[in-house]
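**Q** The residues making up each chain are set out below.
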Amino acid sequence: MKKTGVQATSRSGRHSPIGQFALTIAACIGTTLLATPLLGHLDLANIVMLFLLTVLLIAVTLGRNAAVLASILSVLLFDIFFVEPRFSLAVDNIQYLVTFAVMLATALITGQLAAGLKQRAQEARIREQRTQALYELARQLAGALTLEQVRELAGHFVEIQLAAHAAIILPADQPENDVATSPAGAIVRVEPHLVRVALDSGQLVRSDTVSELGLASLYLPLHASLRTRGVLAVDFGHDPGYLEAETQSLLEALASLVAVAVERLHYVDVAQRTELTIQSERLRSSILSALSHDLRTPLTALVGLADSLSLVKPPLPATALDTALAMHEQAARLAGLVDNLLDMAQLNAGGVTLRREWQPIEEVIGASIKLLGSALASHPVRVSLPPDLPLIEFDAVLLERVFCNLLENAAKYAPEGTPIEIVASQSSDLVTVRVSDHGPGFPTAKRDELFNMFVRGETESGKLGTGLGLAICRTIIEAHGGRIDADKMPDGGGASVCFTLPKGLPPTVEEEKS
Amino acid sequence: MSAAAPKVLLIEDEKQIRRFVRAALEDDGCQVVEAETMAQGLIEAGSRKPDLLVLDLGLPDGNGVDLIRDLRGWSDVPILILSARSQENDKIDALDAGADDYLTKPFAVGELRARVRALLRRSYRNGDAATPVVEFGDVTVDLSRRLVSRGGETVHLTPLEYRLLATLLGHPGRVLTQRNLLREIWGPSYVESSHYLRVYVGHLRQKLEDDPTQPKHFLTETGVGYRFQP
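For the record, the sequence lines run as chains A and B.
The first sequence begins at 1 in the numbering used here and counts up one residue at a time.
The second sequence begins at 1 in the numbering used here and counts up one residue at a time.
Hint data in this document are derived by calculation from the structure and do not stem from the laboratory.
Do not rely on the hints blindly, as some may be mistaken.
[Stated by the list, open to error] Computed footprint of chain B on chain A; a stretch qualifies when at least three of its residues, placed anywhere within it, have a C-beta under 8 Å from a C-beta of chain B:
hint : region
1    : 221-231
2    : 302-308
3    : 327-338
4    : 374-388
It should be emphasised that the depicted structure is a prediction, and the values quoted were computed from it without experimental measurement.
Idealized CB from N, CA, C, for every residue including glycine.
So that you can see chain B by itself, here it is in the shape it has in the complex (with noise of 0.2 Å):
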């Protein structure tokens, strides 16, 4: 392993599911630290400084959102989150508190695999400038000169509309809550009325996916948020 490889700390109370994701990652040459509960993930993301920390919600010594409340306090670590069907109350605190994605239960490891290159690649680019060209299928935005455009045509979007899609995109493959979008783009008065972002990301996609009613980029987390998926 090189100087280089990216450093995951895994906290997950069960030990086979660490024992398939330790691989899993180990095999994309990640270095994997595990910890087994809270306490001592809090310990380990302190002293090891991951690039990314893997979490298991349910975890036997408290709640996974406070670890992650805890944890924004002094650092930006990617957070991927490993919860199960039901909870997705608990999913949308903790995104809410600052993690970045979300696994469910069961899950594929080539699914777990994306997610973690996505989530690191975008750590390591976090550094450089902002390009402010995005392209996705046939729609390339200038966020510089707030141009849209769709096959070389360009595409009119309203104001609220152009803010709904730089949000989206300046958070590429994240899951953004409703009430993140909503108190970001409509202001904090808002953040119960999520059928304006609904119709919002309706008229996105009636403008730049080809099909609307199964989109590829301007992707729903049901219950949850949305997702750009470039």
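Just chain A, same shape as in the assembly (with noise of 0.2 Å):
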């Protein structure tokens, strides 16, 4: 009330309580000197219409409290002065009792009414302009095109309206104790408790006592339609007061409009942001296939006719197909360099989205060995797979590119005749699948970088290799929240790399009356 008191006369802004009482007994004192010369024309019953006349107007110039006053002032003043024996309070008339009553009565009552009808027209024109305000900041709202102005907007909102202080404070503001706001350059002092308190449980929440510490003391989560988009705190100075539910429901109307602007910043960011990402990905594919297409169609060309001098009719002499062989495997494995180039390309780039879908492994490792073909020629592949093995969800093409990576390191390097073993378990929650040879294993220094980038494990053979094989083995595990490692099989065996995927939640598949 007292809130409303403040607004009110800041409203009509004339008049502070004393002076309120002051007007109100000059105007009693007035009437009597005004009615004293009349005092033998008219009837006494017409000067106490002089008095309820000024009631009347007292009341509805300065309001309730100001009519009781002269309600009560102006029976005693017309006792006083009008009724016999003139001078005194003392009555000669009894009958003048029944005057006095009626005439309080009276008085009051009209003040009473004048002054409800007053205060309600008072507060029908505060709402009016409120909503007034409302509109008006919806609209600013609307067309506002930066957080910045969302808060400056609000902050100006609540300061012209409620003569308060009010900040914005969103998640991503990890608020300390002063978040500075409002246009005239006001400083809001925020518990960064209670905004948690407001943001995680979507209540209203307040608190006088921080107020005492010259903190808001009222938070006003920001609803948006997905979540809670922030908290609109208020300060309304040491003094919180008794919040009116008119207030509340204001500020919860500006909390609403600030969360629509808010959420509406938001999804423009994230579009913009989206657009740009998409663009920038877009431009570095069309790079990178461009590239590819430039690099692969001349090896295409090499292999297909060094290919092709094999097939001449009549025959080459040996030596000459044994050089045409030579250019064929040559390039092939050319070929075979620039795909991993460009692979690891296209992974650092970081745009590689992962095709992600359910699938049983012993199909890649499967189509794995197959497209290895004669690569894996002397090195029969041996699968083991527990007869239970879950769908995982990984990249087909990209799974297929470690087992190739991994078949093809193993084959390089163990000797000739010598099997390759793959062999997957699971635990609760991954699957391990582990690679490994028959031949001299890892040199044991190098064994954490070989999944580094151009990192050999020997460096000084002659066998053809950029060491890109195993980085790109570890970066396509990782993307899929896997762990790579190498290691030396126990007793003779080889090198042995061993990988991880997560298992997740694999999809049901209906079983089928058969």
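Bring the two chains, given one by one in their own frames, into a single complex with the hints.
**A** Set out below in structure tokens:
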């Protein structure tokens, strides 16, 4: 009530309570002075009317309290100055007591009614004015392009409408104790804990205790369609006073307007960022695919032309045929290296979107073995998988790269005729796959570096390679949320690479009635 | 060359690739017509009525997939695609649009000839009534009686497994995309549920392959689909 009291005065803008009383007293005395010369000419009843008129005017202009004072004062003045014996409170004619009573009652009731009417009219005016302001704010918020504008508009609104300060705190702000706000540059200090409570609970939080510490006392969550976007903190100054239902609903309306604006800005931001990402990804992939086309086309021609040399009829001499075969092999190997380089470029560019699908891992193992074909001719591959291995979610094309690289490595370094083993096992949340050979194994000293780019186990070896294979494997496995490690097999085994994939929750495949 | 020499239309923009592909196919008794661009290829396809199309997906004047769609409006000619490895999606689109098979660049000449022969054989056989009995490995499938036996013993398949088998057998040597298979066997609402297909292909391999982890007949085309190799 105090708050609106202040509001009302600041709105009519003229009188303090003391001024009101002074005016009331002056008006009553004025009426007395005016009526005194008329005493002989007018009936007392009409003089009563003059007093009642005064009370009515005071009620309308100065409000309820002044009206009560005026009522009592009028009766007293009427008694003292107009009723015989004059200049005394005593009354000759008992009848006048009735006059006093009726006069007092009439004055009080008229005063109350008039003052009430006035107050309601004033409230209606404030309401209308606030609604108008809310409309205006909504219009401005709709045009706001930055968060700063939203903050400023909200702060300005609260300042004008409630003579308080407000700040908007977003979850990203990580509120410290001080939050700057309001166009006037006032500082709203907020209690971070209460902000968190309002944010988490989605309820209005109010604390008068913190306002004594100079902190904002009211925290309204900014409810948007999907989630709470932030908190509107309102600081009423040191004395929060009684929070009227009307003020609260005004603030709630403000909060929802701000929430919509903040959400809209959020999505504008998201849309712009997505657009940017899409553009840069498109550019990157178009460069890579152009590069890939330009590199592969001559290699395809080289492989094919070398191949067709060996098909010439009549056949070329043996040495020429050997040369053609060697050319074919080298060109094919070069194509493999180009594949690795381009893969690494694509993976390193960060633009790999995994096309993850739930599938049995045995399928991709089979496909990899088939793809390598003759490269594995002298190394039988033994696959051993637990029969109850679940479906795993992975990008088949990329995992095929992993298996191809591991198998190719094994075939390159292990002596001919030795088998390569692929063994899978599972724990509660992981599937572990191990690819091992019977070659010399990885050099112990370098085992940790093996998965870095351009690192090779045997630097001096005559074997071809860029040292990219294992790095690609690691990038792919890590993109799937797994780990990859190199080992030496115990009891004379060779190199062993072991990687994990998370199991996740495989979808069910309904059993079919057979 | 006899009049019966199969006519192959080769649409490829790189001259050296055209050169060795032509040499390889002519060596196999084919008559080769070359086209450098998509527009030219489409004209040649209309006027020469080839028995087979070998199409590079990365043509300078447009997407090969559009050409396949155009062509499929009026022709059933088998189409073999040449594509780079990074073009998985283009491959799938091309196969979905009606291409029959693909080769990933770089490819060996032997592989190319094998694919071309398989496609030509199929297009010639198309006129005959399909044989009701298909044999591969030690498996015999009698499509007319819905009987599957392996090494003389009857193999029991569930209805869906049988439908999948029959679909794959219906297109020997041809790559069927996941999407195609899912739509055909499970219906349009399952086209995104690729795990169904994978689980059932796994069942078929368990029941009909010697080593299910290294299948010889039900082959995976990683990221694309499956192929039945008789």
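**Q** With reference to the structure, classify each hint as holding or not holding.
**A** Comparing the hints with the structure gives:
1. For a cut-off of 8 Å, the count of residues in the region 221-231 of chain A with a CB near a CB of chain B stands at 0, and the three-residue condition is violated.
2. Counting residues of the region 302-308 of chain A whose CB falls under 8 Å from any CB of chain B gives 6; the rule of at least 3 is met.
3. With 4 residues bearing a CB less than 8 Å from a CB of chain B, the region 327-338 of chain A meets the requirement of three and the coverage assertion stands.
4. For the region 374-388 of chain A, the proposed coverage by chain B is satisfied: 3 residues have a C-beta within less than 8 Å of a C-beta in that chain, meeting the threshold of three.
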